[in-house]
Every structure is written in C-alpha cells, then in structure tokens.
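Engineer: For the protein sequence lines, the chains are H and G, in the order given. So the first sequence is numbered by the numbering used here: it starts at 16 and just counts up by one. So the second sequence is numbered by the numbering used here: it starts at 16 and just counts up by one.
One thing to keep in mind: the hints can contain errors.
Because identical chains cannot be distinguished in the list, a pair is counted as satisfied if it fits within a single copy or across any two copies.
Claimed, not checked - Here are the simulated DSS-like pairs of lysine-lysine, each with C-alpha atoms no more than 27 Å apart in a straight line:
id, residue 1, residue 2
1, Lys113, Lys218
2, Lys187, Lys321
3, Lys473, Lys321
4, Lys298, Lys264
5, Lys321, Lys406
6, Lys113, Lys48
7, Lys324, Lys71
8, Lys136, Lys342
9, Lys113, Lys447
10, Lys315, Lys73
11, Lys445, Lys428
12, Lys48, Lys405
13, Lys187, Lys422
14, Lys159, Lys73
15, Lys473, Lys453
16, Lys113, Lys216
17, Lys187, Lys406
18, Lys48, Lys115
19, Lys30, Lys439
20, Lys252, Lys453
21, Lys197, Lys398
22, Lys197, Lys405
23, Lys298, Lys73
24, Lys337, Lys264
25, Lys433, Lys342
26, Lys187, Lys216
27, Lys321, Lys71
28, Lys159, Lys321
Worth flagging that the hints you see were computed from the coordinates, not collected in a lab.
2 protein chains.
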Amino acid sequence: MEVKEITNRDVDFAKWYTDVCQKADLVDYSTVKGSMIIRPLGYAIWEQMVAVLDQKFKETGHENVQMPMFIPESLLNVEKEHVEGFAPEVAWVTYGGKEKLDERLCVRPTSEVLFCDHFKKIIHSYRDLPLLYNQWCTIVRWEKTTRPFLRSREILWQEGHTMHATAEDAKKETLQMLEIYKNFQEEYLAMPVITGKKTEKEKFAGAEETYTIEAMMYDGYALQNGTSHYFGNHFAKAFGIEFVNQDNKLATPYQTSWGTTTRMIGGLIMTHSDNNGLVLPPKIAPWKVIIIPIGDVSAKLTELEKSLKENHITYKVDNSNKTPGFKFAEAEVKGYPIRVELGARDLGQNQVTLVRRDTLEKTTVSFEDVLPTINILMDQMQKDMYDKAKKRRDSMIYQATTYEELKDIAATKPGFVKINWCGKSECEQKIKEDTTMKTRCLIEDEAVDGNCIVCGNKAITKVYVGKQY
Amino acid sequence: MEVKEITNRDVDFAKWYTDVCQKADLVDYSTVKGSMIIRPLGYAIWEQMVAVLDQKFKETGHENVQMPMFIPESLLNVEKEHVEGFAPEVAWVTYGGKEKLDERLCVRPTSEVLFCDHFKKIIHSYRDLPLLYNQWCTIVRWEKTTRPFLRSREILWQEGHTMHATAEDAKKETLQMLEIYKNFQEEYLAMPVITGKKTEKEKFAGAEETYTIEAMMYDGYALQNGTSHYFGNHFAKAFGIEFVNQDNKLATPYQTSWGTTTRMIGGLIMTHSDNNGLVLPPKIAPWKVIIIPIGDVSAKLTELEKSLKENHITYKVDNSNKTPGFKFAEAEVKGYPIRVELGARDLGQNQVTLVRRDTLEKTTVSFEDVLPTINILMDQMQKDMYDKAKKRRDSMIYQATTYEELKDIAATKPGFVKINWCGKSECEQKIKEDTTMKTRCLIEDEAVDGNCIVCGNKAITKVYVGKQY
C-alpha cells in the first residue's frame, strides 16, 4: 500500500475519516452501490470484537442460532409498528431464478418476526423459559447515503432475542445486555459511553423501551453504538406465543432484543485515530506488536518472536525491502499499538526502541526488558486512551438553560447538551428542526427542577441532545 | 424436548435422517420456504467446524475478508460459463424500499466475480501475490427441493479465493486446500473421504479443474463435502486483472477458490448416527460429556466439574427433574460422546459409570479414574468411529467390468462403483440416465487397462460412479 497523505483531522473530519479507513486498508468501496468490502485488517478487528462479545453472551447463558435471511412480506406485516418502521428500507427479492415469487421476500433488516415465528413453535412451558438466543449475521437496510462502517446497506451484526416468563425478568435482561455492551466498549474499545433510555420518538419500531449506548466522537457528534430493547409482550401477543406457567395457566411471555454492529469499528476510529492513521487500543488490536528489523538481526528476531508467542502476544514482522522510515509510517497508518525497532546497531549496545502508537513516545530498553516493557506500555496505553477520550468527551458536554442558549451551543460548539424537557415529541421535533440535534437519551439519575427549555411547561426529565452519525 | 421414536435407519433412511435432525434439536423448519433454522446444538457443531478450519486457513497464510452479499446482474455476466451455471438458481432483488432498482441484484450464490472485481483494484505487482483470502458467509441458491443441511436455499459456508503469480502456484494451492479439507474431515469428523478431480461435465461453472471430497453415507449414497477449484486465468482475463511481474512485464495471475458448508453436518449425521439419535465424534462435539446426577451427589459433582474445567473438557449437567432413564435417552438423542452417571448409591462404593455414545458400552471406574477414563474413551471412540465408517465404506465400493454389471450393482447394491471410462460426456450421461449414478471423481493413481464399459472404446481413466445427495 502506498501511504498517501491523510487529510488533517481538524480541517476536514469527514474526509480524514474515510482517508483513515482506506489508507489503513480497513475497507474498500465496491462496485455494488452502498455496500463496502471489509478488508483483512478491518475484518480482523471485527473478529476480535466478536470473540469477546460472544464469550460474554455465552457466559450469561445465551446460545447462538441461525435464522433464515429472508422474511416473507406477510410475516413482516404481523406487528404493525414494526413493519411501518422497517418496510420503507428493505430490499425485496421478487424472483427465484426465472420464476416470479408468489410472495415477495425481504432480506432481514432485523429478525424479531423470524424469532417470534420460531418461538411460537418451541415455547410451551415455563420450563422452556428464559429462552436466550443470539445470532451473528448480516442484515440489509436500504440506506440512501452510506459511509464505511457507519451507514451501509449491509451490516454485520449480532442480534440477541430472548423470551422470559415475567416482565421483570425481561427488563433485567435488557439492562444486563446494555451493561455488557457498556463494559465491553469502555474496557476493550477504550471508548467512554453514556447509556440511557431513548425517547418515545427515537425508540425501536415495536419496542416498549429502547436503551442506547451513546459515544461521542472526536468531532462532538454522537454515535449510537448499540441498543437493547424491552418489548413487553406486544410481539408475543401478535404472534400468539403462549406458555403454561407454574400455576398451570396460559400466559404470554415477555421479550427483549439487543444488537451491536461493525459500526463500533467506525466509533473506534473516530474516537482514537489521528493524522498518522489508525490508533487501536491494545485490548482490541488483532496484532499488538509490529517488529521492524533494521540490518541483520535474525538471531534476536527469532528469540523475540519465540518469547512473544509463548506469552500469547500477537505480532507481525515487516520483512519487506522498504526503508525503515517508510515502514514506521506504514506501521503508524495501520495502528499497531507497539512498534519494536530491532536495529543491528542498537542491539550492539543491547538496546531496543519501543514506540507507543497513541503518543508516538519512544522508550529504549535492554533486549531482556522488551517483553515486560511491551506489557507495561500496553496496559498504560489502554488506560491513557480511555482517559483521554473521556476527558475530551466530558469537556464537550454542556448544559443549556434557555432555548437560545441551546441554539447558540448547537451553532458554535460541537458536543452534547443537557436540557430540561417536558417529554413531548413536539419539543423534540422543534429542536431537531432548529438545530439538527436529536435527543440521545434520558438522564434518569439526575433530579429535574425547572421547565422545558423549548415550550416552558414543567420539565419531567433531563435529556441529552446532540448531532449524530 | 419430548423424545419421540426415531424411525428405524434401515427401514426408511430419509425419514430417519430428518427425525434425527429434529429430535436432536439441530434444526427446525421455518415458514420461510426452503430455509431452515439452525438450532443451538446444530449451530454449536458448526462453530466447532469453523474454529478448526479457520485456524488451519490462518496457519496457511489466509486472511478473512467480507465482500458484499449482492451481485449486480452486469457483474455476474462478466464470465460467460459462470453466469450460465448460476443465473438459473439465484434470488433476485428488484426493489429497495419502494423504489424499483435500475439494475437488479442477485444474492451471491458464490463470490468469484465479487472477489475478481476487488482483486482488479488491489493487485498491481508480483509483491501483492499470492493474495490468499477467505470469507465466512451465507450464500443463496434457489433450490426446488430442500433437506436440512444437505440442500437448502441458504447455505452457511466458507469460500476461499486466491490469486497467484503462476499456474503452478495456483495448482499447488488448489491441492493444499483439498488436503486440508480431507484431513479435517478424516481427523475431526471421523469421516473417510475419497478425493479426486471432477469430470468436465461435473466441474464448477467457470473452473478449469474441480477437485472434490466425496464421502459415502450409511446408505451408500455419495455426499460431496467440499470442493477446490483451479481457474487458470479465465476470470482474471475476463476482469482484466494484471500485475507487473519480476521481469517488469505485465502478466495475468492465476486463481483458485474452495469451499465447505454446513452440509458437513449432514455428512456427520449420515455417517455416524443411529436409531437412538445423534452420534458425534468427540473431536467435533461441542460438549464432550453429559453428567447425569442421580440422588444427592452435589459434593462429587462439584469436584468433577472442577476437574473437567481444569482439563478444558466441555460438558453439560442434566439437573432437570426428569427420571434417569429419560435423561439417558435424551443424552443419547443429542449425541454427547461420554455419559457420566453420577449416582449416590454407586458413589457409596466409590464407583461411577461411564457410557460411550457410539457403542453404548458401559465402563465402571472409581471416582478418581473418571477423568483419565474419559480421555481414554474419547480417543478410542474417535478412532473406532473412523475405522467403522471406513470399513463400511470400503465394503461398499465395487468394481464393474461390463455395463450390465454396473446396471446390476446400481439396481441392487448401494455404494460406489469403479469403472473404466473413455472420458466422453456421452458415456457419463448414459450412465446417469440408466442408473441415476453420476461420476464422483477420476481415479488418477490407478493404472487403466481396458475399454470404457459404456461405449467399448479405449478407456483413458478409471472413475468412481455413485448415486448422490
């Protein structure tokens, strides 16, 4: 890959983002409009995310299954709010080979109706509950404008779908999965997130409550990085799912669904990366270390590789015949957390230079100290990246007490704004029209005292608003 | 799950197969015609297969990527033989939301054209070769009649796509992947396979050579369980893919593709399972052990679980309030390799009963010997299952020296038949029409002496023929 210049992040953030995506070989555009190609490094990052999340799902008792990718139109139509939310943005299959289908099929935009259709057949007794399923798959939403990882016609994701005997159990599950997402994003992606309930207007089509994970990107825009929905028993009723409860009576189960996507990769990039390219938190980087040999260092290289392997530290070696300077730049573009410069001259003095990707700080250590230093630097880097992102995010959260103030912030300062709100969709809509800001989520843990900054009526809650991807 | 009776395997093999698939909770039929639901146990088996194969692919230098799932009609049309082979069996998307598409898109039936389209953009120099990619995804082929795992409109699979500087390198890759498939199926699935080249008539649409993995099922039918294709540079030429070689001249690269699918799960079932349900080779079983506690054995159960965990032996415990007899039957249906009957009375005499799923043989050991015995039994079981399957397969391979003899075998004996063949498609076609047998693969390592058993002209090769799934 030829390392062309990456647009300056503070000059044109949107261009910087797509430059990083392409220069780091994360994605390529395809001739299939609206679909992207996920290249090896991009896919390897997704594999890391999948591995960690999948383990967390299994540890909490979830099982993976695979549903069909097509939904017959009549099945999509069973739940009214749901179909109204999704029908405008699905891809329709109308022909199989040369034959026109009797009923057209959409490519799943999400799989609630498919799971409900299955649940109806397999749920009979309280002994069958809770039923805790998850699916890793690709969904399709017919987006008009697309951007790598952020908005695409095809999305790689996981979708959990669970059924419970009581509303309480289902609500507990909804919040448990929200917490798993939050912990994963903060601990592994070093990405501080705000969690909370979506407003009526912004919730998922068909859900009773939608909880969201909201991260703030470098430019102050919000990225919704995962959602967890509580459905009550709407879908179960629409699909006629019933079970015999412990009192031997027929009852309707309660449902959740929750999902995260490759969008998290976009979030990673827009939180941590810089003008030199990709910056990956060590805990999610597919390869933690890049070794750049300079001169004849084959004996020491073999020794270092052996020690990295034994300690399960993934790495790559750049053995190409490019210049060291070129290799350094390329290693920076691709975001390896630690660069090990293994130079013949330095080794003569038993020295090795290590470079942290986030700060580009150099550390010179003796050869024997390379491995422990890598571990120390990675731990420090993971922590520093989170702290830096959190400090920046916190510095871009404002409070507006009047509508004028909100409009002023929206026009001049990137970030989120906390406001008092009456709970009415009209006020939410007015904010959106005037400022392009949407509500992010309710702030339920802060007492509210005062009036809605839009209409002046009594506020019932505080809420975050912000512009979004 | 209520354990209903499974149809006798020797009375109605087809019904027995679908009974096992359903009773073992591997799949469920969906209301989406032609698509199946893969249930937790079925999907867990697939996850085991994916984990092993993915590691083998990575060890041999392959990288995972993700291509679009849609192929614009014009792109599918680029290679003539390929489109003729696949166009009749694809699903066509014609609408995105309410808008009719300018160009219809098929859901990928395989991704050669998508990879070629990408390769054209990223291959420039001999330094970019070999390019070794793999993709895990779902493909769609509009089949008329479907059966769980064996033939389905949606198929979970992996498809490798590689590009090489020379024909020799590409041929080496084709055979390397064939060998990886063969070793995987023999070592992990305990499924003996025959590998070899397909005839011109049976090869993949657009390939120069197709190599196949052919397993023989319990009923003597063949299951094609994987293929590896050498493309020459047909596609590369059709797509205009060129690179600057080491002599600084423009050259066209050589290509391979290779794939395996969830069909292997069908193969597993039809090779090893019995009238009591699923039988899984220990090396591919998601859970190696099922523990059935009888009476109050909680202290010993905890001790056993700890020891299994420490030794990375996956297991489940049946703590339901069903009778032991019912639990035994269910454990057999679901194919856990080793059943541990942990009974209070037996433990009073420091005894535990272990049962091998394949033979249902019981072994009584002291509690201290449970873990080592599990390991010994699993090793023995893995070996025995392979040997048994191989012995059965070998006993069902016949040799026909006249056409009458072939027709007689086809009518009376299940299995494969070795014949001399002149290499002409007409003779192959005649065999198919008269016997429903198709050629499986060429037998290139055996000298041929004699005439084609169909037309009487000089034979150029021996070939296996057999009925197929």
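Engineer: Hints first: check each against the structure and report whether it holds.
Structural biologist: Outcome of the hint check:
1. Taking the closest pair of Cα atoms, Lys113 and Lys218 come within 27 Å of each other only across two copies (23 Å); inside a single copy the shortest separation is 40 Å, beyond that limit.
2. Taking the shortest alpha-carbon separations for Lys187 and Lys321, neither the intra-copy value of 46 Å nor the inter-copy value of 29 Å comes in at or below 27 Å.
3. Taking identical chains as interchangeable, the C-alpha atoms of Lys473 and Lys321 are never at most 27 Å apart, the minima being 67 Å within one chain and 58 Å between chains.
4. For the identical chains of this complex, Lys298 and Lys264 are neighbours neither inside a copy (49 Å) nor across copies (44 Å), given an alpha-carbon limit of 27 Å.
5. For the homomeric pair Lys321 and Lys406, neither the shortest alpha-carbon distance inside one copy (39 Å) nor that between copies (43 Å) is at most 27 Å.
6. Proximity of Lys113 to Lys48 under the C-alpha cut-off of 27 Å is found in both arrangements, the shortest distances being 24 Å within a copy and 17 Å between copies.
7. Taking CA atoms no more than 27 Å apart as the test, Lys324 paired with Lys71 passes in both settings, with 25 Å inside one copy and 17 Å between copies.
8. With identical chains, the CA atoms of Lys136 and Lys342 are at most 27 Å apart between copies only, with a shortest distance of 23 Å across copies and 58 Å within one.
9. In this assembly of identical chains, Lys113 and Lys447 lie within 27 Å of each other by CA distance solely across copies; the values are 26 Å between and 47 Å within a copy.
10. For the homomeric pair Lys315 and Lys73, the shortest alpha-carbon distance between copies (25 Å) is at most 27 Å, but the shortest distance inside one copy (41 Å) is not.
11. In this assembly of identical chains, the alpha carbons of Lys445 and Lys428 lie at most 27 Å apart only when taken from the same copy (19 Å versus 78 Å across copies).
12. In this assembly of identical chains, the alpha carbons of Lys48 and Lys405 never lie at most 27 Å apart, being 36 Å within a copy and 50 Å across copies at closest.
13. Taking the shortest alpha-carbon separations for Lys187 and Lys422, neither the intra-copy value of 37 Å nor the inter-copy value of 66 Å comes in at or below 27 Å.
14. In this assembly of identical chains, the alpha carbons of Lys159 and Lys73 never lie at most 27 Å apart, being 36 Å within a copy and 36 Å across copies at closest.
15. For a Cα distance limit of 27 Å, the shortest separation of Lys473 from Lys453 inside one copy, 20 Å, qualifies, whereas the shortest one across copies, 79 Å, does not.
16. For the homomeric pair Lys113 and Lys216, the shortest alpha-carbon distance between copies (23 Å) is at most 27 Å, but the shortest distance inside one copy (42 Å) is not.
17. Within a single copy, Lys187 and Lys406 get their C-alpha atoms no closer than 31 Å, and across copies no closer than 54 Å, so neither meets the 27 Å cut-off.
18. In this homomeric assembly, Lys48 and Lys115 come within 27 Å of each other (Cα to Cα) both inside a single copy, at 24 Å, and across copies, at 14 Å.
19. Proximity of Lys30 and Lys439 under a CA criterion of 27 Å is satisfied in neither setting, with 37 Å inside one chain copy and 59 Å between copies.
20. Proximity of Lys252 and Lys453 under a CA criterion of 27 Å is satisfied in neither setting, with 32 Å inside one chain copy and 51 Å between copies.
21. Taking the shortest Cα distances, Lys197 and Lys398 sit within 27 Å of each other inside one copy (16 Å), while across copies they are farther apart (46 Å).
22. In this homomeric assembly, Lys197 and Lys405 come within 27 Å of each other (Cα to Cα) only inside a single copy, at 14 Å, whereas the closest approach across copies is 51 Å.
23. With identical chains, the CA atoms of Lys298 and Lys73 are at most 27 Å apart both within one copy (20 Å) and between copies (21 Å).
24. In the homo-oligomer, the alpha carbons of Lys337 and Lys264 lie at most 27 Å apart only across protomers (21 Å), although the nearest pairing inside one protomer, at 74 Å, exceeds that limit.
25. Taking the shortest Cα distances, Lys433 and Lys342 never come within 27 Å of each other, neither inside one copy (45 Å) nor across copies (57 Å).
26. When the C-alpha separation of Lys187 and Lys216 is checked against a cutoff of 27 Å, the pair qualifies only within one copy, where the shortest distance is 23 Å, while the shortest distance between copies is 58 Å.
27. For the homomeric pair Lys321 and Lys71, the shortest alpha-carbon distance between copies (20 Å) is at most 27 Å, but the shortest distance inside one copy (30 Å) is not.
28. In the homo-oligomer, the alpha carbons of Lys159 and Lys321 never lie at most 27 Å apart, since the shortest distance is 50 Å inside one protomer and 54 Å across protomers.
Taken one by one, the earlier hints fail for this structure at numbers 2, 3, 4, 5, 12, 13, 14, 17, 19, 20, 25 and 28, listed in ascending order.
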